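K.L.:
Once you know that position 182 of the sequence shown is 182 in this note's numbering, the rest is easy, because the numbers rise by one and skip nothing.
It is possible that part of the hints are untrue.
Unchecked claim - What follows is a list of derived Cβ distance ranges for each label pair: (1) L76 x F46: 16 to 26 Å; (2) D154 x H22: 21 to 31 Å; (3) R129 x G3: 26 to 36 Å.
Claimed, not checked - 25 Å max Cα-Cα, derived SDA-like pairs, lysine to any residue: (4) K112 x L159; (5) K12 x R84; (6) K119 x G147; (7) K162 x R131; (8) K118 x A164; (9) K77 x L52; (10) K119 x D97; (11) K149 x R129; (12) K118 x R84; (13) K12 x E43; (14) K118 x R131; (15) K112 x G80; (16) K118 x A88; (17) K77 x D130; (18) K119 x A88.
Simulated from the structure, these hints should not be mistaken for lab results. Just so you know, these numbers come straight off a predicted model, no measurement behind them. Here a beta-carbon is modelled for each residue, glycine too, at the ideal position from N, C-alpha and C.
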Amino acid sequence: MIGSLRGRLTFKHAPAIIIECHGVGYDIETPMSTFFELPAVGEELFLFAHLLVREDAQILYGFATQEERALFRTLLKVRGVGARIGLAVLSAMSVSDFNRCIEYEDASALSKIPGIGKKTAERLIIEMRDRIDTNAGNVVRINVEKGAKSEAVDALVALGYKPAEVNKLIAKLDVDGQSAEDIIRLALRQAAG
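Please model the complete structure; the sequences and the hints are all you need to start from.
P.N.:
In structure tokens form, the structure reads like this:
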């Protein structure tokens with residue numbers, strides 16, 4: 001199996017690239033998160049790789065980080081989710097954002113990804129919940145976006161609310177422009193009332 005590639009970038013046209021390694025050009029598909037980080041054509045490049053062998057094709061996928069590759073491989077194990085949806089997930093959101101969607105059971109955010117409807121989003125939440133352990137680091141949560149909403153969600157979870165309950169409470173509130181403290185107060189009032 002091909003685990004990584006280091007070579008010269010000779011072609012890039014989203015989402016396909018070609019990396020030349022010792023005279024051999026490897027045709028690779030990448031998520032947009034990786035594509036946007038690519039150097040200019042002619043420069044050296046290193047990617048983590050995953051080779052997918054199917055009955056009709058052998059397709060090489062490239063990723064900028066090990067976390068992206070690990071999430072892609074985990075997504076491939078979910079029933080009804082293939083490489084196309086795996087690339088769509090990584091093109092639409094970071095690994096940490098995806099983990100937060102699973103942790104907080106945010107099916108609406110997942111269903112905004114092209115190719116993922118409501119039922120697929122719900123299946124992803126159910127099946128990925130057991131496959132991703134965000135605390136143990138199997139898929140690392142990195143660059144978690146910190147804002148008032150995120151801080152409020154984390155605080156409510158720390159208070160003992162389940163992530164799914166917090167997500168439902170916050171979804172009912174108008175939180176734009178609110179501070180974390182205000183969002184927490186509004187959510188607690190709604191939970192009590």
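K.L.:
With respect to the beta-carbon atoms only, verify the hint that D154 and H22 lie 21 to 31 Å apart.
P.N.:
Roughly 48 Å apart at Cβ, these two residues miss the hinted range, so it is violated.
K.L.:
Given the hint that K149 pairs with R129, does the C-alpha gap stay at or below 25 Å?
P.N.:
22 Å, holds
K.L.:
Starting from K118, check that the Cα of R131 is at most 25 Å away, please.
P.N.:
Holds: K118 and R131 sit about 20 Å apart, inside 25 Å.
K.L.:
Would you check the hint for K118 and R84, treating anything up to 25 Å between C-alpha atoms as holding?
P.N.:
Status holds; Cα separation ~17 Å.
K.L.:
Would the hint linking K162 and R131 be met if the CA-CA limit is 25 Å?
P.N.:
19 Å, holds
K.L.:
Do the alpha carbons of K112 and G80 lie within 25 Å of each other, as the hint requires?
P.N.:
Status holds; Cα separation ~17 Å.
K.L.:
Check the hint pairing K119 with G147 against an upper bound of 25 Å on the C-alpha distance.
P.N.:
29 Å, violated
K.L.:
Is the straight-line distance between the alpha-carbon of K77 and that of L52 25 Å or less?
P.N.:
Distance ~12 Å between K77 and L52 Cα, so the pair holds.
K.L.:
Starting from K12, check that the Cα of E43 is at most 25 Å away, please.
P.N.:
Cα-Cα ~12 Å, so holds.
K.L.:
Can you tell me whether the CB distance of R129 to G3 sits inside 26 to 36 Å?
P.N.:
28 Å, holds
K.L.:
Mind checking the alpha carbons of K77 and D130 for me, to see if they're no more than 25 Å apart?
P.N.:
Roughly 12 Å between the alpha carbons, so the hint for K77 and D130 holds.
K.L.:
Is K119 close enough to D97, meaning Cα to Cα at most 25 Å?
P.N.:
Satisfied, since the Cα-Cα distance of roughly 19 Å is no more than 25 Å.
Comparing the model with each earlier hint shows violations of hints 2, 4 and 6; every other hint is respected.
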